[in-house]
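Asker: Listed here are the chains, written in short residue letters.
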Amino acid sequence: AQKVTQAQTEISVVEKEDVTLDCVYETRDTTYYLFWYKQPPSGELVFLIRRNSFDEQNEISGRYSWNFQKSTSSFNFTITASQVVDSAVYFCALSEAYSGGGADGLTFGKGTHLIIQP
Amino acid sequence: EAGVAQSPRYKIIEKRQSVAFWCNPISGHATLYWYQQILGQGPKLLIQFQNNGVVDDSQLPKDRFSAERLKGVDSTLKIQPAKLEDSAVYLCASSSQTGWGNTIYFGEGSWLTVV
Numbered sequence: 045a046q047k048v049t050q051a052q053t054e055i056s057v058v059e060k061e062d063v064t065l066d067c068v069y070e071t072r073d074t075t076y077y078l079f080w081y082k083q084p085p086s087g088e089l090v091f092l093i094r095r096n097s098f099d100e101q102n103e104i105s106g107r108y109s110w111n112f113q114k115s116t117s118s119f120n121f122t123i124t125a126s127q128v129v130d131s132a133v134y135f136c137a138l139s140e141a142y143s144g145g146g147a148d149g150l151t152f153g154k155g156t157h158l159i160i161q162p
Numbered sequence: 718e719a720g721v722a723q724s725p726r727y728k729i730i731e732k733r734q735s736v737a738f739w740c741n742p743i744s745g746h747a748t749l750y751w752y753q754q755i756l757g758q759g760p761k762l763l764i765q766f767q768n769n770g771v772v773d774d775s776q777l778p779k780d781r782f783s784a785e786r787l788k789g790v791d792s793t794l795k796i797q798p799a800k801l802e803d804s805a806v807y808l809c810a811s812s813s814q815t816g817w818g819n820t821i822y823f824g825e826g827s828w829l830t831v832v
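Line by line, the protein sequences are chains R and U. The first sequence begins at 45 in the numbering used here and counts up one residue at a time. The second sequence begins at 718 in the numbering used here and counts up one residue at a time.
Treat the hints with care, since some could be wrong.
Once the Cα atoms are required to be at most 25 Å apart in a straight line, the calculated DSS-like pairs of lysine-lysine come out as [said to hold, decoys possible]:
(1) R:LYS82 / R:LYS114
(2) R:LYS82 / U:LYS732
(3) R:LYS82 / R:LYS154
(4) U:LYS800 / U:LYS728
(5) U:LYS788 / R:LYS154
(6) U:LYS795 / U:LYS761
(7) R:LYS114 / R:LYS47
(8) R:LYS47 / U:LYS732
(9) U:LYS761 / U:LYS732
(10) U:LYS800 / R:LYS154
(11) R:LYS82 / U:LYS779
(12) R:LYS82 / R:LYS60
(13) U:LYS728 / U:LYS761
(14) R:LYS82 / U:LYS761
(15) U:LYS779 / U:LYS800
(16) U:LYS788 / U:LYS732
(17) U:LYS728 / U:LYS795
(18) U:LYS795 / U:LYS779
Computed footprint of chain R on chain U, listed as stretches where at least three residues anywhere in the stretch have a Cβ under 8 Å from a Cβ of chain R [to be verified]:
(19) 732-744
(20) 786-800
(21) 821-828
Treat the hints as calculated values from the structure; they're not laboratory data. None of these values were measured; they are calculated from a predicted model. Even for Gly, the Cβ is constructed at its ideal location relative to N, Cα and C.
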């Protein structure tokens, strides 16, 4: 079963618009971490945020904000006043405490391709 | 601080040939990962090392893929023989701490095309 779902394959908005990227996750653990990464055309995955399952406070960092809701198993990402440089593929990822085998690697969604048009 | 270094950045090979990718993690990072990212998908973990020991290689196709981290620093991922479906970006990543939930930092990836 897919553990991280990013239903939006591609989103296109005009610069300065606000945009929200959705992430829904699935886990039986009560202890887990959620992440967002940005992947520009160069290919490198750039870390944006990490949030643990016990902290449901929303977070704001400049034009970026994250809304974590355990009740709906969602960890959505909003960019306010989008800019062309925000164009990239954005991945949501899950790290579970008991993923088995001792590994702590991330389980990624399929990503959302965000296009900001000038 | 230097990031995760990978080489080569791009490689084109014919099927049944072999290829090797090299990774140097962030200095001091004990945990190293190799991920495979097929076009249009999220990265998938292939193997995780803790120092020079393998923590998990359950998703590594061991009939053709191998990886090593002999001195607990650099790592090499090898594919032999390559198949068309191995065309992907191979991402190396590292983390400073053991255990789940740690921030994982990625390199720019090695782009492989098998023709």
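Asker: Decide, hint by hint, whether the structure agrees.
Answerer: For each hint, the structure was consulted:
1. Distance restraint check for LYS82 of chain R and LYS114 of chain R: the Cα-Cα separation of roughly 23 Å lies within the 25 Å cut-off, and the hinted pair is therefore satisfied.
2. Among the hinted pairs, LYS82 of chain R with LYS732 of chain U is inconsistent with the structure: their alpha-carbon atoms are about 31 Å apart, more than 25 Å.
3. Taken as a hint, the LYS82 of chain R and LYS154 of chain R pair is honoured in the structure, with Cα atoms around 12 Å apart against an allowance of 25 Å.
4. Note on LYS800 of chain U and LYS728 of chain U: the hinted pairing holds, with a Cα-Cα distance of about 14 Å set against a maximum of 25 Å.
5. Our distance criterion of 25 Å between C-alpha atoms is broken by LYS788 of chain U and LYS154 of chain R, whose separation comes to about 34 Å.
6. As the CA atoms of LYS795 of chain U and LYS761 of chain U are separated by approximately 16 Å, the hinted pair is consistent with the 25 Å bound.
7. As the CA atoms of LYS114 of chain R and LYS47 of chain R are separated by approximately 14 Å, the hinted pair is consistent with the 25 Å bound.
8. With a C-alpha separation of about 32 Å, the suggested pair LYS47 of chain R and LYS732 of chain U falls outside the 25 Å cut-off, and the hint is violated.
9. At most 25 Å may separate the alpha-carbon atoms for a hinted pair to count; LYS761 of chain U and LYS732 of chain U meet this at roughly 22 Å.
10. Distance restraint check for LYS800 of chain U and LYS154 of chain R: the Cα-Cα separation of roughly 23 Å lies within the 25 Å cut-off, and the hinted pair is therefore satisfied.
11. A threshold of 25 Å between alpha carbons decides the hint, and for LYS82 of chain R with LYS779 of chain U the separation of about 30 Å lies outside it, so the pair is violated.
12. About 19 Å separates the Cα atoms of LYS82 of chain R and LYS60 of chain R, which keeps this hinted pair within 25 Å; it holds.
13. In summary, the hint linking LYS728 of chain U to LYS761 of chain U is supported, as the alpha carbons are separated by about 20 Å, within the 25 Å threshold.
14. Annotation: proposed proximity of LYS82 of chain R to LYS761 of chain U holds, straight-line Cα distance about 16 Å (limit 25 Å).
15. Under the criterion of a C-alpha separation no larger than 25 Å, the hint pairing LYS779 of chain U with LYS800 of chain U is consistent with the structure, at around 13 Å.
16. The hinted pair formed by LYS788 of chain U and LYS732 of chain U fails the criterion: a straight-line CA distance of about 31 Å is larger than 25 Å.
17. Restraint check: the Cα-Cα separation between LYS728 of chain U and LYS795 of chain U comes to about 13 Å, which is no more than 25 Å; the hinted pair holds.
18. With a C-alpha separation of about 10 Å, the suggested pair LYS795 of chain U and LYS779 of chain U falls inside the 25 Å cut-off, and the hint holds.
19. Restraint check on the segment 732-744 of chain U versus chain R: 0 residues with Cβ-Cβ distances below 8 Å, three needed, restraint violated.
20. Under a criterion of three residues with beta carbons nearer than 8 Å to beta carbons of chain R, the stated coverage of the segment 786-800 of chain U fails, only 0 such residues being counted.
21. Counting residues of the segment 821-828 of chain U whose CB lies closer than 8 Å to any CB of chain R gives 7, which reaches the minimum of 3, so the coverage claim holds.
Violated hints, listed in ascending order, are 2, 5, 8, 11, 16, 19, 20; each of the other numbered hints is respected by the structure.
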